[in-house]
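Produce the complete structure using the sequences and hints provided.
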Amino acid sequence: ETGVTQTPRHLVMGMTNKKSLKCEQHLGHNAMYWYKQSAKKPLELMFVYSLEERVENNSVPSRFSPECPNSSHLFLHLHTLQPEDSALYLCASSQELGARVHNEQFFGPGTRLTVL
Amino acid sequence: GQQVMQIPQYQHVQEGEDFTTYCNSSTTLSNIQWYKQRPGGHPVFLIQLVKSGEVKKQKRLTFQFGEAKKNSSLHITATQTTDVGTYFCAAREYGNKLVFGAGTILRVKS
Numbered sequence: 001e002t003g004v005t006q007t008p009r010h011l012v013m014g015m016t017n018k019k020s021l022k023c024e025q026h027l028g029h030n031a032m033y034w035y036k037q038s039a040k041k042p043l044e045l046m047f048v049y050s051l052e053e054r055v056e057n058n059s060v061p062s063r064f065s066p067e068c069p070n071s072s073h074l075f076l077h078l079h080t081l082q083p084e085d086s087a088l089y090l091c092a093s094s095q096e097l098g099a100r101v102h103n104e105q106f107f108g109p110g111t112r113l114t115v116l
Numbered sequence: 001g002q003q004v005m006q007i008p009q010y011q012h013v014q015e016g017e018d019f020t021t022y023c024n025s026s027t028t029l030s031n032i033q034w035y036k037q038r039p040g041g042h043p044v045f046l047i048q049l050v051k052s053g054e055v056k057k058q059k060r061l062t063f064q065f066g067e068a069k070k071n072s073s074l075h076i077t078a079t080q081t082t083d084v085g086t087y088f089c090a091a092r093e094y095g096n097k098l099v100f101g102a103g104t105i106l107r108v109k110s
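Chains A and G, in that order, give the protein sequences.
Each residue of the first sequence is one higher than the one before, counting from 1 in my numbering.
Each residue of the second sequence is one higher than the one before, counting from 1 in my numbering.
Hints listed in this document are in silico derivations from the structure and should not be mistaken for laboratory results.
No false leads were slipped in.
Pairs of lysine to aspartate or glutamate, EDC-like flavour, derived with a Cα cap of 20 angstroms: (1) G:K56 / G:E67; (2) A:K19 / A:E84; (3) G:K51 / A:E96; (4) G:K36 / G:D83; (5) G:K36 / A:E44; (6) G:K51 / G:E67; (7) G:K97 / A:E56; (8) G:K36 / A:E104; (9) G:K56 / A:E104; (10) G:K97 / A:E53; (11) A:K22 / A:E44; (12) G:K97 / A:E104; (13) G:K36 / G:E15; (14) G:K59 / G:E17; (15) G:K57 / A:E104; (16) G:K97 / A:E44; (17) G:K56 / G:D83; (18) G:K59 / G:D18; (19) A:K18 / A:E67; (20) G:K70 / G:E93; (21) G:K51 / A:E104; (22) G:K57 / G:E17; (23) A:K19 / A:D85; (24) G:K56 / G:D18; (25) G:K57 / G:E67; (26) A:K41 / A:E56; (27) A:K41 / A:D85; (28) G:K109 / G:D18; (29) G:K36 / G:D18; (30) G:K97 / A:E96; (31) G:K59 / G:E15; (32) A:K18 / A:E84; (33) G:K109 / G:E17.
A short list of chain G residues far from chain A (calculated; beta carbon distances all over 10 angstroms): (34) Q11; (35) P39; (36) R60; (37) Q64; (38) K70; (39) R107; (40) S110.
The structure presented is a predicted model; accordingly, all values stated were derived computationally and were not measured.
Even glycine gets a Cβ: it sits at the ideal position worked out from N, Cα and C.
Structural data, given as structure tokens:
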């Protein structure tokens with residue numbers, strides 16, 4: 001148990017559906033992340049909420065929309081996804097100490113998403 | 001943007017043999033982290049290297065950070081079946097976000 005939980009663990013959705021992924025960290029960290037892991041591709045950072053700032057990967061399509069209501073919860077809202085968006089979506093958290101010192105990231109178990 | 005090359009992509013070894021994966025960057029790194037992901041699991045942090053030329057050991061695992069802080073390696077001595085999984089390096093330039101390598105998949109034949 002890493003202290004980072006994700007729900008649901010598995011999700012199948014059609015291209016016209018709207019769904020949300022949820023992540024919660026119980027570690028008291030101040031940064032949370034969304035990653036996409038596809039087969040045969042590196043882990044792709046999608047969004048970061050760190051020290052109350054949001055940083056995003058400009059290559060992420062607008063059909064993915066993050067929300068971070070507080071330092072313990074992170075959501076990823078999905079709408080009109082494409083089949084190529086099928087992947088494992090991983091949430092992670094860390095305790096950031098400033099621009100030059102970065103601690104390890106603790107990952108959740110992931111949500112396996114299939115878009116039909 | 002920042003890129004991290006990790007080799008090999010895949011390695012299949014006999015139990016008891018050694019294993020090494022390498023991580024290379026074209027730019028100087030602030031630090032480098034290593035993670036392990038078991039089949040069907042999620043990445044789990046192993047270690048972080050910060051200093052030039054740093055060497056750290058965890059039992060049969062040895063981690064090195066290059067003198068120029070542009071490359072790193074993970075070496076496993078006498079592999080065991082419990083070592084199977086994908087090993088990722090994750091590198092960070094100063095002030096930039098963490099970038100993961102593609103990972104090296106390790107399979108161990110018993």
